[in-house]
Amino acid sequence: MSSIRRFLLVSLLATITCVITGAAIYSYFDITRKINSIFDAQLIEAAHVIRYTTEQSTLPQGNNLNELFSPNQTYLPPKLWDTIYGDDLHPYDTRRVFQIWSDDGVLLARTEGAPPYPLAKDVEGFTTSQIGNYTWRVYTLIDEKNHLRYQVAQRNDVRAYLVKNLALGNILPDLLIYPLSIIMIFITIRAAMKPLQRTINDVKNRALQHLEPINTESVPVEIKPLIDEINLLLSRLEESYAREKRFTADAAHELRTPLAALKTQAQVAENAHDETSHQIALNKINLCVDRCARVVTQLLTLSNLRPDEPLKEIQIIDLSKLAVEIISELATDAVHKHITLSFDESKTPAITNGNATLIQVLIRNLIDNAIRYTPEHGQVIVSTHVEKQLVIFCVEDTGPGVAPELYDRIFDRFYRELGNKAQGSGLGLSIVQQIVELHGATIKVSKPGKHSGLKIQVFFPNQN
Amino acid sequence: MRILLVEDDELLGDGLKNGLSQQGYTVDWLKDGHVAELALLTETFDAVVLDLGLPKRSGLEVLKNIRLKGVITPVIILTARESLDDKVLGLDAGADDYIAKPFDLKELYARLRALQRRAAGRAEPLINYGHITLDPASHSVFLEGKRINISPREFTLLYKLLENAGRVLSREQLSQSLYGWDTEIDSNAVEVHVHNLRKKLGEDLIQTIRGVGYMIDRIA
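Heads up: the sequence lines are chains V and W, in that order.
Residue numbering for the first sequence is 1 to 464, as defined by this note's numbering.
Residue numbering for the second sequence is 1 to 220, as defined by this note's numbering.
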């Protein structure tokens, strides 16, 4: 799993490490180079100062240098050395040494620490020479006028030591910045993650059934689209949750009355004094059980019809053929009620696309409803029609009908025409409507032209 | 005891009517609220079993209307929903008790007996009158501790008279109590039952108030 925090930490730490290391290395070498050239310049400067001082301290008095420096006196008088460098005990003492040679190769003077033989070859400028265990950086100045050679030198190891001290001292702040930056990175990332953490806590601490949207006020802009999507999902979830809850409540409610009837009839049968009333009550128990079973079947059908899921197993359907099949199934019910059940088939085939099982349920529910709500000796007329763009399935009855203002309500779940004696589940038309919607069809309720009753038409798209 | 049953569901109504009849109640069954209201305003019932989900006029409306018009008949409501609201609304609209579907008939009988007891201003489940004891729960009558063989109609008549001891009940009131609208009433039926009761329990128990009706006197 990817972690923004870890990614930021690793990448920022890597960047900071590279940058600081690079900067430190660069400044180390840069400073080394610069200090070396400063030291070199100091060597040149020292040579000239020595030359000048030697000239000034000797020549005005008309002294010969040979007098100033007796051949035995190999060391420069401390006084002169002090005038040049003072009391040089500074920690960054560069520990230079020098020699003064005459033209003819006599060592006129040297400082302590300088060897009694030439530090380098008699060539003006910088040279590096190995004397004993040490490498020396030597600057030679040739004074043609006074016939003198000045050689100023510095041991490379001393110089390197100083360079190292200076350079390291210079990159120390860089190295101190490093831990500070790391701490800052940790703090910054933590602060940046805080609103995220707050949102996480908000989501984490909510109760299971708590589907209110997540507060987006304190949410960072970057994750707001995500939270918005989640909120959308939550609201849809809440909607469907509420629908399920309502459905369950309605279903339970709808089963209560048939169950109460069942229990009552059972107790009547139990306490019946004579065989006839006992038998009658038992028959009614059967009716009650049939009714409960019908409600349960319809509930299952309805719960399987998900309005948000696309239709499956679509095939070509002949509405007339299905109507005939179902009419033959329901014919006995009609005959028992002395209802004339008839079918008018369309001249051209009534073909549409759909799920055969669902269309069967639709046709059965519509015809069954019509038979159920039509009084004895009534009529139920089933028909199919084909128009240009539409295939129409129609069921008409001669029952009591429904008031026009209630046309919409008959599709509500568990709606039943008040005072109706028929034992419906109140779900049939609700199921019909869902099937209609799933097929992209439309349904129309009206009063038949010639007589009282109800006319329901379902308009399917023509697939011919 | 005459009960008005208001229930639109065929199978449940039928079961309730038969069940209550088995218990010796006289049951008149109506299926819509409007007619039920009219019946309650014009006739006398000992109790009402009222479903709330009724066509034409809801049970709650019926309740409110009859209470407004001063009908004090005890009413027990049948609710399909477990929710508190229905019960509270029902009771506040004037119901005396409720029972949630599905229910046990025995519970309904017991609740009806309790309602009648309260309506008659009694706390005791048994009715004692001199040497006579009447047990509404078991439908039995005892004279000096011995059980008397008594028909359901006779029982109902005695129960009604004992509950209204001290008051004269008209022959019409008594016959309505004994028979609903379904049965063809023999004009002498009440007299026959009174005669039988006198034979079983003593001639001077039930007094005839000529031209008015019958009564059992309050015990002095």
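These aren't lab readings, by the way, just hints derived from the structure by calculation.
Be aware that one or more of the hints could be misleading.
[Said to hold, decoys possible] Heads up, simulated EDC-like pairs for lysine to aspartate or glutamate below, C-alpha to C-alpha not over 20 Å straight-line: (1) W:Lys-56 <-> V:Asp-412; (2) V:Lys-337 <-> W:Glu-107; (3) W:Lys-106 <-> V:Glu-270; (4) V:Lys-388 <-> V:Asp-333.
Treat the numbers as computed from the prediction; the structure is a model and nothing was measured.
Quick rundown of the hints versus the structure:
1. W:Lys-56 <-> V:Asp-412: The given pair, whose Cα atoms are some 19 Å apart, holds under the 20 Å limit.
2. V:Lys-337 <-> W:Glu-107: violated, 37 Å
3. W:Lys-106 <-> V:Glu-270: Holds: W:Lys-106 and V:Glu-270 sit about 12 Å apart, inside 20 Å.
4. V:Lys-388 <-> V:Asp-333: violated, 35 Å
Checked against the numbered hints given earlier, this structure breaks hints 2, 4; the rest are met.
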